[in-house]
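Use the sequences and the hints to build the structure in full.
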Amino acid sequence: MINRTLAPTITSINEISFTAPKIIPLNQHVNLFWMSEIYDETTRIELHFDAGTIRSAEKVAGFVNSLLLSGTSTKTSTTINNELDSLGVFTDIEVGQEIAVVSIYCLRKNAEKAFSIILDAITNVNFDENEIEDIIREKKQNFLIGSEKVSILSRRKFQESIFDNSINYSRQLKLEDFDTITKESLIDFHKSHYLNGLVKLIIVSRLEEEKITLIAKTLTEFCVSTPVKFEDNFINKKGRIDIQKDGAMQTAIRIGMPLFNKKNSDFIDFQILQTILGDYFGSRLMSNIREDKGYTYGIGCGVSETFESGHFIIATEVGKEYVEATLNEIKFEIERLQQEEVDSDELTLVKNYLLGQLLKSADGPNAMTDLFIGAFNQGKDLTFYQDVINRINAISAEELKLTAIKYLNWENLTIVTAG
Amino acid sequence: MIQFEKFTLSNGLKVIFHKDPTTPLAVINTLFDVGARDESPDKTGFAHLFEHLMFGGSINIEDFDAPLQNAGGESNAFTSNDITNYYNIIPAQNIETALWLESDRLLSLAFTEKSLETQRSVVIEEFKQRYLNQPYGDVWLELRPLAYTTHPYQWATIGKEIKHIEDASMEDVKSFFYKYYTPSNAIVCIAGNFELDYVKQIMEKWYGDIPSGIKPARILPLEPKQEIFREKTIESKVPSNAFYYAFKMAEKKSFEYYVTDLLSDALGRDKSSKLYISLQKELKLVTEIHCYITGSLDNGLLIIEGKIAPGETFEKIDSEIWKVLEELKNKLLSDSDLERIKNKISTSKEFQEQGLLNRAMNLCLYELLGDANGVNEEASLYESITAAHIHTIANEILITENCSLLKIKAIQE
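Read top to bottom, the protein sequences are chains W and F.
Taken in order, the first sequence gives residues 3 to 421; the numbers are from the numbering used here.
Taken in order, the second sequence gives residues 730 to 1142; the numbers are from the numbering used here.
Derived by calculation from the structure, the hints in this document are not laboratory data.
Here the structure is a predicted model, which means the values were calculated and not measured.
Mixed in with the good hints there might be a few duds.
Derived pair list, reagent style BS3-like, types lysine-lysine, alpha-carbon separation capped at 25 Å [to be verified]:
1) F/K748 <-> F/K934
2) W/K141 <-> F/K1013
3) F/K889 <-> W/K151
4) W/K193 <-> W/K219
5) W/K111 <-> F/K1071
Spelled out as structure tokens, the structure:
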């Protein structure tokens, strides 16, 4: 009989094999990242545009994005959709705060055709009045549905408050904005941010090199011609904001503050610290607020990075009777990190867990590409992840305590509740 | 093509091994042949509550997650109306840590009062977060009992009501465990860069001495054939009116299941589908419309759901939906329509199979249905479907007598 009370021996991860995609410049400011080391028939093509919500004072970024496949002078939206669906193509077209991304997922044999249909569609949008009306109607309904969710209400207010000193980054769509969209503003935004807005091209596929080169060449004319700039030095509105939502059974809580991204030398230390606090299933927030108290189905935290900065965020939804108790426990857990050193068992566990997560983030060509881009966006290369491994192995409990004292101050936090 | 080997331990535990030489990770996926359909009508939500308790410590190991995380791994689980599925993803060299933990919780749980008390509360918050505190979140709590009068699919995995979860006792928990959590009622898939002999050896080492148990016989009340149209309207504080048409369909083991899947794609998978083009794009009656199947192992549902555009009525929508359905019943799907639907399925399958975990979960599910190799036969099964097959199924199931309609009427407070 085996002794089941004894844990099997653990072998720690010392080495992770990282593979970089090939980097092929389209012009001085725009690169193609091509991951060709893939063994199946899938193809993923991503076009990144300088077309995020920060770029549109008229708040049309999301509308233009949704209209990208809405028809050209020779094709209706239905024709375009039908052509793509016939090739078994999936698209994912999304707008973020800083950039907008058009993703194409298809089989390798259909990649060139899919790409040319999509490129034609997104560069020749004719902004048909009917299509514009359809999109506004559909997006307005979605907005109204979102407004019934405490998670979305709190997120909108949190974004507004965390980027309090930036008009562009704090911008949120309001209900009345749906009535003021003009065709001209859509056309203008499309012209400056899509037709001259390509900032990055990603391909994960074992397409032949000449086909890749051709795709890259076709896109050259849509590239940005000057370096793209993003803001930093954000200042948040500190303190608590409560949003009333009648009839809600749970309250959404968002807590955070402006921080930094990988460019900052404390980034890795903070990542390790915030993992202990709330970024894995066994974290202190999960253990305390879910597993011990049962106030919530889930609580977590994370660092959200922008090109030049970043912010820290804690998010949860709790029974409405548990709001104050939850806030007290979050405060308690933050202060505990500042007052007591993490004990060695917990620290070893988090180190091993993080190395396992990094191994997972590097597993497979798609994951590896995303990992690479994550570093490249902030002026780093794959040596960054070797630094991560080294730092995870080296960091001490004392250094983590100092990191907590340096960055996690309750008085500096934005606290939003909606419920 | 997903390569795999199968073997069975002497205690009846079925093991599937899938070798992937390209990954440094291992997946250990465990499927238990128990879901919400196995609950009694006065104790619903139990299979899912139990899934939470499986993380609350086992007979020899105080905590499930910490040792796994300490070995660089992570774990999660889900419960459906049909099955309960647990998985671990861990660096391959530490696979035995996951097997140690998984086998010990199959041997026996710790059954602490504290764990039960906390997880009851966590699940109640989950109930609120996912079903009660979301616009349209309670739809499935209403639609299931409308569509099913007899079969246990009439309740959702979260349970009929919060009270059932509040009332769960330690005695209930224990008897559920002893009945369903046995080697004879489980299928394990090991995926990663290993050799078969090694997998056999470590599986025998960790699972070999666990008593077999008796595979529980499943005798579920059969849902009688629906003979009349059913309809229910509920008022809710939501932004727009919404509709859910539910048509009974075939069980997963049947050929008709796959035909119905294609039928639902033709009706409402994407922006080339018939309902989208007619109701949303041309008539502008809805702001969204979708058609899909529930994917249930027993007789499931084909659902048409959507949200009504401002100023439009349920009556108008109803008549236009039926026009689309009648057209599909009267006319064969064109070759190009059929090819389009099949091409989408091929692409999504290729992407799904990229994931090691997906492959492991699918192998277990197909093994439950009778043969893990079913996962490799799926593609040719879809390929063999003709427009005539779809036509037959459309005429069989898309009829009012086979339909239950739930309307959500938006009210202002």
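Comparing the hints with the structure gives:
no.: 1; hint: F/K748 <-> F/K934; result: holds, 20 Å
no.: 2; hint: W/K141 <-> F/K1013; result: holds, 14 Å
no.: 3; hint: F/K889 <-> W/K151; result: holds, 23 Å
no.: 4; hint: W/K193 <-> W/K219; result: holds, 20 Å
no.: 5; hint: W/K111 <-> F/K1071; result: holds, 15 Å
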